[in-house]
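When you get a sec, could you build the whole thing from the sequences and use the hints?
In order, the protein sequences belong to chains Z and X. For the first sequence, this note's numbering puts the final residue at 1114, and the numbers step up evenly by one. For the second sequence, this note's numbering puts the final residue at 484, and the numbers step up evenly by one.
Possibly wrong hints are sitting among the right ones.
Going by beta-carbon spacing under 8 Å, a handful of chain X positions derived as facing chain Z [said to hold, decoys possible]: (1) Q215; (2) R219; (3) P223; (4) T225; (5) Q242; (6) L330; (7) V335; (8) V430.
Hint data in this document are derived by calculation from the structure and do not stem from the laboratory. Each residue gets a CB set at the ideal place from its N, CA and C atoms; glycine is no exception.
Letter by letter, the chains look like this.
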Amino acid sequence: MRRFLATTVAASALALMLGMASARAEDTIDPNAKQGGAITITYKDDVATLDPAIGYDWQNWSMIKSLFDGLMDYEPGTTNLKPDLAESYEISPDGKTFTFKLRHGVKFHNGREMTADDVKYSLDRVTNPKTQSPGAGFFGSIKGYDDVAAGKAESLSGVTVVDPYTVKFELTRPDATFLHVMAINFSHVVPKEEVEKYGADFGKHPVGTGAFKLAEWTLGQRIVFERNADYWHKGLPHLDKITFEIGQEPIVALLRLQKGEIDVPGDGIPPAKFQEVMADPEQKARVVEGGQLHTGYVTMNTTMAPFDNVKVRQAVNMAINKARVIQIINGRAVPANQPLPPSMPGYDKEYKGYPYDVAKAKALLAEAGHPDGFDTQLFAMNTDPNPRIAQAIQQDLAAIGIKASIQSLAQANVIAAGGDKAGAPMIWSGGMAWIADFPDPSNFYGPILGCAGAVPGGWNWSWYCNKDLDAKAAEADSVVDPAKAVERDKMWSAIYDKIMEDAPWAPVFNEQRFTMKSARMGGADNLYVDPVHIPINYDNVYVKDVQ
Amino acid sequence: MIAYLGRRVIQSLLILLGVSLITFALLYLLPADPVRQIAGRSATPQTVENIRQQLGLDQPFVVQYWHYLTRLVSGDLGRSYIQRSEVTELIVSRLPASLLLMVGAILCELLIGLSMGLIAAVKRGTATDQTLMVASFVGVSAPQFVVGLLLLYVFAVRLSWFPIGGYGTWRHLVLPSLTMGILGAGWYARMMRSSMIDVLRQDYVRTARAKGLARGAIVFRHALPNAILPVIAMIGIDIGIFMGGIVVVESVFGWPGIGQLAWQAIQRVDIPIIMGVTLVSAFAIVLGNLLADIIAPFIDPRIKLR
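Written out as structure tokens, the structure is:
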């Protein structure tokens, strides 16, 4: 028997949460927001695809979120979950069954009503190997996933359509991240008839339930979004039209912004111009700064001598002058002392990390049997500023006797070296660093610090595998009850503290995001550095010069 | 003539085949796994293997290359790994922009280069000649990225004569054409100068001068038509330089051509697009050379096709 939640306490907590969520649904509309108007946003690169099952870069991430919806979403500008296409949800006491009640009257851009069948179809599609979705792995906890992934079944046995407005998920294990999974783009709902009509080109002809619909896509030139007048969330979006101009160098985009031709340079402020912009009070006033779920780190291959000695890894942690590295990127970051970024739940504010202490680092090296240091290699991606950062780290390491030669390579080559057990002793993660898929502490563990990622071709480049921590991680993720979220976050903090004791990484900094906007753009600052709708929450921003 | 043409076409096809083989082999040897890239960082090993199989990337090199070639014959360049669209569609949608830029650039380089060369030849040995030759040297050696940004800054940002990048009207075309043209103009100025000096030394010019013809008439009516022909024959060969230039210039000006497409694909290791653009460029270069060779004897009867 399912209950609304395991306990009455939790039930009331959830009721409160849901109550707040529905109240917030109205609250999220800024009372000052004006309706109408059009904005122009530029990007350098082509938009890869607008298929929610496939798009996986920071450029199309938020665009897809504006064209499609998932069962869950986040309150604008925050990391707080709220129901979206779902009206409400229930979690069984064992945390293995999630039942979602869908909103009535939600329509796809083609006019058809969205129902539970579409939810099931979308999940069957994203997990089907033929779809080649980079996000299929997120759904691994759903019953029947393995059969679909292996090509033995076409449909997930764990997803059941109870009635047109109710869909039930059965999981093979309790999964505390499941509500987040229902909010990532890969789970967004697509209409079967349109997918079948366009086949592999659905990404160029996206049809969803989102706040905007695609009006034009001229390859290599522009994409135009038009307001979806039938959007179920009344009052949203504020803008009538968004034009994305493609193929513009960031430096050209900045010049055009200064001339008032565009509203947001999507690629941000070019590093070479950053100080100039920040020195000009008029321009600086239009810069928005925010945290992001990112950590830049140096991995040390724990299976390769001498990094198989924990003292050596700790010495490296103490040798790096993080403040100086941050200077290299014009102060666009804050120093990091643990894997999780500060804006992530589970971040341990009490943890102080390893101090910058050259003498102590030398002493540790000597204890490890390397009083005169050793020779090693530091891999880094070859685009600015990463080689310069690698050089700063190289100098810091030289100060304690470690002579690291820099291997500056293309991104794909560094990733390949990291995924090879004997490939790279040290890697500076810049340009490939982990940015969370969803705001949950578990997302920084599995693929990059857990045993599952320490496989050939994996992303755990320090090849750190601690079975005990894997068990603890599984235990933390089985705490599904939202009322125990704080307790769960503490469990995760303890896991990361233990990781830092073993020091497979030297965390260096957490990058800050800087977005610029034209003077006519309105809406709270956190919409322009939204932690989930990256880079901008298109649905909620507005312009001030209409009406 | 027909035999010559036949031989040249076969040669050209062999060159294209060679280019495809070398590019395919280089991309195959690249220490980056395209499957991992498609599968993403959260993929299970099984997903990775499934995708590898579907794309046929688990096959040996020769089989993969053979599949590519057989599809190529029917005009299928495959699908982009990142964008998931057909490469043919991506290239076809961008080709008109690149061709337009090429026409603009050729006009610019001929206009600037030929007039510079002409003036320098006529004023040979003077300060004007030296200034023009230094200018042409600068034009040849200045990085196009810098030239492009400078032109943008001066004529678009400061003076607002032209739009800051983009595509659509003739005004958008001016600055990128000029950036591309300045490089070629440097070469053409030098070629035109020496060709013109050659012609001016010819007997018939001396005769014309002895007859008492006006200097303008000698230069424009007698010397120029003869001096210009060998220079124009070079345009076909120029296409190779263009193909290199558009990668940079299209990126600077946000020009939606195949150069920009290539640059993005290289950065993202999107192998099918890199292959496609390389083949299309190679085709253009081979075609340009072929045309230049065929046209040459018509322009200069001293050249014979064998």
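Status of each hint after checking the structure:
Interface hint at Q215/X: satisfied, since its Cβ lies 7 Å from the closest Cβ of chain Z, which is below the 8 Å cut-off. The closest approach between the C-beta of R219/X and any C-beta of chain Z is roughly 5 Å, which is under the 8 Å cut-off, so the hint is satisfied. For P223/X, the shortest C-beta to C-beta distance to chain Z is roughly 7 Å, which falls under 8 Å, so the interface hint holds. About 5 Å separates the beta-carbon of T225/X from the nearest beta-carbon of chain Z, less than 8 Å, and the hint is met.
The beta carbon of Q242/X comes no nearer than 18 Å to any beta carbon in chain Z, farther than 8 Å, and the hint placing it at the interface is violated. Interface hint at L330/X: satisfied, since its Cβ lies 7 Å from the closest Cβ of chain Z, which is below the 8 Å cut-off. For V335/X, the interface hint holds, since its Cβ comes within 8 Å of a Cβ in chain Z; the closest pair sits about 5 Å apart. With a least beta-carbon distance of about 6 Å to chain Z, the hint placing V430/X at the interface is held under the 8 Å criterion.
Violated hint for the displayed structure: number 5, the only one.
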